[in-house]
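Chain H is fixed; fit chain X onto it per the hints.
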Amino acid sequence: DGGITQSPKYLFRKEGQNVTLSCEQNLNHDAMYWYRQDPGQGLRLIYYSQIVNDFQKGDIAEGYSVSREKKESFPLTVTSAQKNPTAFYLCASSMQDGFNYGYTFGSGTRLTVV
Amino acid sequence: SQKIEQNSEALNIQEGKTATLTCNYTNYSPAYLQWYRQDPGRGPVFLLLIRENEKEKRKERLKVTFDTTLKQSLFHITASQPADSATYLCALGEWTGANNLFFGTGTRLTVIP
Numbered sequence: 055d056g057g058i059t060q061s062p063k064y065l066f067r068k069e070g071q072n073v074t075l076s077c078e079q080n081l082n083h084d085a086m087y088w089y090r091q092d093p094g095q096g097l098r099l100i101y102y103s104q105i106v107n108d109f110q111k112g113d114i115a116e117g118y119s120v121s122r123e124k125k126e127s128f129p130l131t132v133t134s135a136q137k138n139p140t141a142f143y144l145c146a147s148s149m150q151d152g153f154n155y156g157y158t159f160g161s162g163t164r165l166t167v168v
Numbered sequence: 042s043q044k045i046e047q048n049s050e051a052l053n054i055q056e057g058k059t060a061t062l063t064c065n066y067t068n069y070s071p072a073y074l075q076w077y078r079q080d081p082g083r084g085p086v087f088l089l090l091i092r093e094n095e096k097e098k099r100k101e102r103l104k105v106t107f108d109t110t111l112k113q114s115l116f117h118i119t120a121s122q123p124a125d126s127a128t129y130l131c132a133l134g135e136w137t138g139a140n141n142l143f144f145g146t147g148t149r150l151t152v153i154p
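Heads up: the sequence lines are chains H and X, in that order. Residue numbering for the first sequence follows our numbering, starting at 55 and increasing by one per position. Residue numbering for the second sequence follows our numbering, starting at 42 and increasing by one per position.
One chain only, chain H, in its complex shape (with noise of 0.2 Å):
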């Protein structure tokens, strides 16, 4: 059964701390995306990767950080340099660009800030 899945689905972070979510898929979809949601806001892009080893910011990445070192595996650390952390990440996947395909997201990761 192809799909995205994210792990852990509920993250506590203390501050000062990094943490890393996963994300892996078995689509075999090349491009690979972080979003992040907030309440009353829409979805923000993180970071996005569309081959192996290369990745580009989007609107909102300071004080995260990714890799790219599988095609399957597109990691997301949220450093103690993000000021804000605490909201629901979502990570995503498709074939290529929008303009021909839907993306596919995973369940998401609840992280909170204690």
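Nothing false has been slipped in among the hints.
Under the rule of at most 30 Å between Cα atoms (straight-line distance), these lysine-lysine pairs were calculated in the BS3-like manner:
id	chain 1	residue 1	chain 2	residue 2
1	X	K44	H	K111
2	H	K111	H	K124
3	X	K100	X	K44
4	X	K112	H	K111
5	X	K44	H	K137
6	X	K112	X	K58
7	X	K44	X	K104
8	H	K137	H	K68
9	H	K63	H	K137
Just so you know, the hints here were simulated from the structure itself, not pulled from any lab data. Because the structure is a prediction, the values reported are computed rather than measured.
Below, chain X without anything else, positioned relative to chain H:
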């Protein structure tokens, strides 16, 4: 500034009626527009894609229109059912900007039995 506005934050309709959701955009030049459904605590699910040169797309009980003159997309669900209750998101992509999809804040639809 750039904005994507979806009509009301919440829309309630009676079962069996047609739900119409609106997506208006400002200061974008979209090449395409997508609609997604999102249930609470879940990721969005892709529903329909319409390109700038297309006026209308249909899929089962769903219909989307795209008017680049009005800078608006309408999303219709005919013969609505309680199971259609969810938040619906519109998202647009431009010719420039690679793979960045810009999302509206969504409309929460409730279909009343």
